[in-house]
Amino acid sequence: MKRLGMLCIVMFIFLSATTVLAGGRLVVYCSNEPFACQAVADAFAEKYDVKVQMTRSGSGSTYAKILAEKDNPKGDVWYAGTLDPHSQAGVNGLLEPYESPMLEEIGAEFRNPATSKQHHSAGVYAGVLGYSVNTDVLKEKNLPMPRSWEDLTKPAYKGLVQVASPQSSGTAYTVLATMVQLKGEEEAFEYLAKLHQNVNQYTKSGSAPGKAAARGETMIGIGFLHDHALQKANGFPLELVVPSEGTGYEIGGLSIIKGARNMENAKKFVDFMLSAEGQEVPQRVKMFQVPTNINANVPKEAIRLDQVKLIDYDFVTYGSEKMRSHLIDRWAKEIKPIER
Amino acid sequence: MIRTKTDRAPGEIGPWALLSWLLIALAAYALLPWTALEYGLGDFTPDEWMDALGWRHNLTTLVFPGLLVMLVPFVWIRFPARGYAWCFTVVTGLAIGILLAGFITTRTSMGLGAGVVVMCLAALFAIGIAELGFQRGDTFIAGAVIFVVFMVCLFIFFPVWEIFRNVLFDKAQTFVPLQFFDIVTSFGVGRVIGNTLLLAFSVGIATTVFGLIFALYAVRATTRLRYLIRVFYILPIITPPFVVGMSLILIFGRAGMINDGLMFLIGPNGLLTPEGSPGLFERSGYIYGFTGIFLAQTLSLTPISYMVISGMLASINPAMEEASLTMRAGRWETLWKVTFPLIRPGIANAFLLGMISSAADFGNPLVLGGEYDVLSTEIYFSIAGAQLDFARAAALGLILLFLSLTIYFIQNKWIGKKSYVTVTGIETSGNVTPLPAGLQRAMTIFITFWFLLIGAVYLSIFLGGFVKQWGADYTLTLSHHLELWSKGFDSGAWPSFKHSLLFALIAAPLTTLAGVLIAYILTRKQFWGRGIIDFGTVLIFAIPGTVIGVAYILAFNTAPIELTGTAIILIITMAIRAMPVGIRGGMSALGQISTSLEEASLLQRAGSLKTIRAVLLPLLKSTIVSSMAYSFIRAMTTVSAVIFLATAGTDVATTYILSRVESGDTGVAVAYGSVLIFTMLVFTLLVQFATGRSRTEKQVNL
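Taken in order, these protein sequences are the chains called A and B.
Numbers in the numbering used here are just positions in the first sequence, counted from 1, shifted up by 7.
Numbers in the numbering used here are just positions in the second sequence, counted from 1, shifted up by 12.
Since the hints were derived computationally from the structure, they do not count as laboratory data.
This structure is a prediction, so every number in the text was calculated from the model and none was measured.
We put the CB at the ideal spot given by N, CA and C, even for glycine.
All the pointers check out, no bait thrown in.
Partial selection, computed: residues in chain B whose CB lies under 10 Å from chain A: (1) Arg266; (2) Leu378; (3) Glu383; (4) Asp385; (5) Gln481; (6) Thr659; (7) Glu674.
Generate coordinates for the entire structure from the input sequences, incorporating the hints supplied.
Laid out in structure tokens, this is it:
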């Protein structure tokens, strides 16, 4: 009987500890950097008095999680991460179409970017591809500042360029797809073979080259420039370069999961994240992605989309699983094994 | 063998014990959530709790309280004895079966209430089979066996089976038996396996040779330096595995000390470089790849091989070598022809241990790998990288598991049988043979150099936390430590540090208890089904952390048992990772305790629970204390398995440090690492002090 008494006490503590929730709940699957996820969740929770539960993991694993929970969805809304997995989820019927009233304030190319074209996902931020150069190392080596993709293959930069491996990094796949769209597949692979001679290391993570460039571990790091802007804001001697030939970009996805248990709050969250107010939240924690809301403040550290030459990135073709594995396999077979 | 009420030993199961199991099960059914709470146990509203109750969720679940109530009369009516026992066994066994099948077929997740009901049913089942004669009617042992088999099935066999299932079946659940070969023969996998084997082999050789040098020196040399060796084995135990790798970046990395120094001297514009010459040296990243991982693993694993070999060396009867010297063999000849053959099994063991630890290591290849891919990191990036390929992760995990199981079996079946121990227990006299003078001098130089390197490693970790940016700006600063520790208990390093402490504090007693229990069952009991526990133990010993991580992700991510993202799964993982400590400690301690003590107690009609409590536990006290301490340390420093399972809300110290390494905040990472090492060091010294004292106390009492 003593054990039963204990049980009742435990039950009592449990029940009294829980509070009544005014604005209900929301489960956010977040694929942004951890601190940005936390900031966004806190801001939304505070504004609408909603109890927000946030789970952070990469966009690939989040897609797998949503797929696994198809019959019994646990998450309500999926924030951030590259668009491709969002697109895939939309095509496979895992997402709820939603046309937010806030779409009016969103740049035209970000309103309905996903493959399904049924408003399964909206673009919540954009990130520009480029590279950053450690100016201290540049001075030490007395080399000219590179300005274009072509510059990176010059023999002077041998062993000074770092980029992620497309086998493990979505960022590096964007590099690959950008080259193919800029030059055509054959020439792109010729370019990558030449670049290979200058690469000192293919990293696993897409944001690693920028961090290595910040520390002087490499002189040039290729990646999304908002990652590099963060390092620059932290005081490292970096110069951010948008290659002169034009460059690719990524779109951060924002989608509601089909069968969400808190549908009303999920819609509120999408509206919030598409508003200028919501899109300015990540800037507060030094995430310098470009907001897609035309009224949102663009942080001075971020690259402004209207000031750089962007390619007309084909998210439908290059986001498809088939093209993806074709390009990655070809890279792994033809480029990676070359001696250098 | 049937036992009737009259020959029931005192302390055995009475009506109240039976009744309380039944009542707990009924109460759990009535009050606790039958299905998993939608937002977890830590976060729910009263409504959600109510909806999850079995009798509100689905009326068919009423079959369980029905069966339980049916058993209540049998608490008092125990006649005929066999009929009563059969009734208990069959009804509870059936109920467990229906319950599990129900959750699996409806693909719902089990809640706390269902878990408690299963536990109670399992206890009643154990009572039933004990009454039927299993374990000679000893309910405690029967319960313990059921418990251990249950846990081994749930947390070892089931996850490992999930790995097989992901390899054998594709996403649409069609049987694809050849998928494994497709993956293994696919581009790049062969190279990864080759890399892993080459690294493991080289590290095995290196750690064995160096371990041998250290062991010979510690046991045989005449200099003072040898005392230092006896202390340094503590270091790898308290250091998280990847921290050595991190410090190598600080020392040898492109912006590290060595590169900086060489650049300063002979680089372009260097001190010794002639004007206008391009310089003799360029910064290079040689540390990333094979060299770096090899160095880091050799540094951190050599102490283990030292311990194995020195244990063997100390067990040689000095008379053998003395005899050889008396027969006019020189010191060299004695060393070659007498000493080495005697410690050969120790050497082989150290080599295999080095290989297995190298193949299982995850932290160092992650930090230093560069483009040198090994199995453990490939597994991680198959899940955490851009590809997200569970089948590939599972297949690679299977290869790694097979590799370490093979080595484990060679170690146990082949070497384990050869006993070269020459200490017989009979008092032997004779002095330890000293080393040949030349050899000792060479070793002194080598070991001094080694200690300088180790010193540099730990110094760089310590100092790295106090400089602004290693490699760029060596201004002294407290900012890294302040960022970690001064921003309140809910930010910086505190949440992860608190999690680590809390989880490890819960896991340590659990794993020790389970480990000693398993050791007890394996050394003392014979029964049908023992093989299950036996094989489970082998897996616990041999399974690499990354494989555990993948297996748990695959097994506990969806219904019926959904644990990913919870603290529970991390505690279980830590417990499983630390369990070899408890099992090994329990086995060796129990091996030294004669069974006659327990038999005497049992003959006096004490139940086995009482025997364990009154006879074995006091004798095992120091083993339990020390294995609890080392389990705690292992739980605090483990990374390979928990990295798959820790989430934003449950990150632990090691995963937090690794995430800071990944985001390039080396200063913060080493600052945290040095605090962690320091904490563990203080803790270890305290424990050694405490257990050392308890040993002297015992001697005083005798």
